[in-house]
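Q: What follows is the residue order along each chain.
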Amino acid sequence: METITKTSLKDKLIGQYELAKPSFVGDAAIREMAINAFAEQGLPGRKHEEYKYLNFELILKGDYSFSHSPSLAAQQIQTLYLLKDAYVAVFVNGQFNSNLSKLNDLPKGLIICSLPEAFEKHKTIVEQHYAKHADVNADNFIALNTALASDGCFVHVAKGAIIDKPIHLLYISSANENLILNTRNLVVVEENAQVKIVESFEVKDLTSKVVTNASSEIVVMSNAIVDHYKIQNESEQSVLVNTTQVYQEKQSVFSTVNFTLNGGVVRNNLNIVLGGEYIESHLNGLYLTKNNQQVDNHTLVDHRMPNCNSNELYKGIIDDKSVATFNGKIYVRKDAQKTNAFQSNKNILLSDDGTINTKPQLEIYADDVKCSHGTSTGKLDEDQVFYLRARGLSEASAKKLLMHAFASEVVGTVKIDELKEYLEAEISARFE
Amino acid sequence: MLLIKNLHASIDGKEILRGINLEVKAGEVHAIMGPNGSGKSTLSSVLAGREEYEVTAGEVIFNGKELLELSPEDRAREGVFLAFQYPIEIPGVSNINFLKTALNEIRAYKGLGPIEAKEFLKLVKEKQALVELQGSLANRSVNEGFSGGEKKRNEIFQMAMLEPKLAILDETDSGLDIDALRIVANGVNKLKSPDNATIVITHYQRLLDYIVPDFVHVLYKGQIVKSGTKELALELEEKGYDFIKEEVGA
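So the sequences go chain by chain: W and B. Take the first sequence: its letter number 156 is residue 156 in the numbering used here, and every next letter is one higher. Take the second sequence: its letter number 126 is residue 1126 in the numbering used here, and every next letter is one higher.
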């Protein structure tokens, strides 16, 4: 029998809001609105249409703390830096760590700092964009994040600035107690600016369940070019809900590539609003799942204006009992004439017990558009495997070669050579 | 080199090969001809190790080894090469990478270390010239977007790179125009040596004008019903397969 005295996680999260309220930075009214939205929505359960394959009421069962500060030294996390030459902001359990970060020589036109610092020093620009794009009424986790987030990263690229090195936002989970973390980023790239941003999610000495609810708002102003990457390489105990909310102005180019290499439960919400004319958006993703992992990619491309192009390719290799979901929505609104919108989702199932749920959704309200979507799921092609074996390759190396070839279409879209090499090595190791 | 004894094979319970006997010695070229559905492609598939075919009786000895006991890759490593009738397209896998992997796995099987990069490139250049294959094709994905002729030339190019002891050409002439046919045949002839052997499987005599066989066998209803020299091929060309059917039927 259930006891009434047991506090639900939802109530505990709301309680945490009340507790932490005095220490919050930023606009209190936005948070108040967010926590009210969350109180109404709660955590998404089975009946939630957008979360039907991920029952978070079940996934999040447990008791959690909201912060944990281990001492980590730079030499302990050397392998997590990924890029030799980059501007790196490091977050340990959601908290900005200036000692581990490498932000000493930022070029002119670039600001990278923690969110609290941004609210203090760059108030005008932050308030102009913060929580203006990620809608608290649209998603449970956006509401929760907006209410509770106390740290994260602010990146600002000034008008016309072309940033020489990639920016790396590195999030490390390191704990021995269960945690729920809410981190929040704001990236503003002004007119004619260009920047490459890598977000990576990693673990170090993690022995407990860490739930990361990370949201980023990315504003790409007119004629700006942004290359964005997400590398998700956590542990089987990790739960990651990762929202990327993008707003593009006219003639801008935004490209994003999402790699899910490891994690217990990973949910990606990628929402892109094309708010001007002549915009280009590229969305690519690769997910490799195994054991009992659950990886769910939800994307939304919202064509609001005419003459824009969007191109989307998500690929997955699903092994063991893992479950992968792809749900890709494309809206083409009434005014968005001359839209080109393409979407493709391809999967390889390596085991009989794996599951792939794939759902492309096109909603088109304009009449002069070119749109297409396609999806395929299958095993490795037996004829291809045989052809390679007939030339002397072992069955294992034939399969490895074919999986590599399948993944290479997505890896090939990475424009940072060092990152590409890292990914190729990770993927190779995975197929050994 | 190759000894096939009373080979029976079936697919989905249907018997296709019904007692094949054949001996191929080093240095020889054998042609296997026959009408559609006689079992020509089944024979090459069984020799290469396609798993959907079930061998129900008989044995195949290749250089003293039970060929049918070996996996497809070990057959290749022992020196059996099948030029596919329909070469498979493999997008995303570069021809060169694939060949390098294949060559190195064959070398490892023989206890040799990986081939040096420089030596490999030299080999590629040399063998490409043999089949008049453009350098750009070698760097593309395996057979992807290749024309029919390019695919067949790529098969012979792979054969040249892997230097098999026994090459089985499965309907290599199908879909080739006369120029491509000449190039492919030329490649095969140049690779011929006293140490290796070739089995040419074909429906038409045409290819045998270019690759001249020492022996010609006629396959019909899963058995070799007639063997002879190259003149037999000419006779078949002239009279058609009906005369065989009549002879066998009689």
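Check before you lean on any hint, since a few could be wrong.
What the hints assert, rightly or not - Covered by chain W, per the in silico footprint, the following chain B stretches (three or more residues, Cβ under 8 Å):
#1 1036 to 1050
#2 1101 to 1109
#3 1185 to 1193
#4 1233 to 1246
Read the hints as simulated data drawn from the structure, not as lab findings. Values in this document were obtained by computation on a predicted structure and should not be read as measured data. Built from N, CA and C at the ideal position, the CB exists for glycine as well.
Q: Look at each hint and say if it fits the structure.
A: Hints, verified against the model:
Residues of the segment 1036 to 1050 of chain B with a Cβ under 8 Å from some Cβ of chain W number 3, which satisfies the need for three, so the listed coverage holds. Proximity of the segment 1101 to 1109 of chain B to chain W, defined as three or more residues with a beta carbon under 8 Å from a beta carbon of that chain, is established by the 6 residues found. Three residues within the 8 Å Cβ limit are the bar, and the segment 1185 to 1193 of chain B against chain W gives 0, so the coverage statement is violated. Only residues whose beta carbon comes within less than 8 Å of a beta carbon in chain W count, and the segment 1233 to 1246 of chain B has 0; fewer than three means the coverage is violated.
Violated hints, listed in ascending order, are 3, 4; each of the other numbered hints is respected by the structure.
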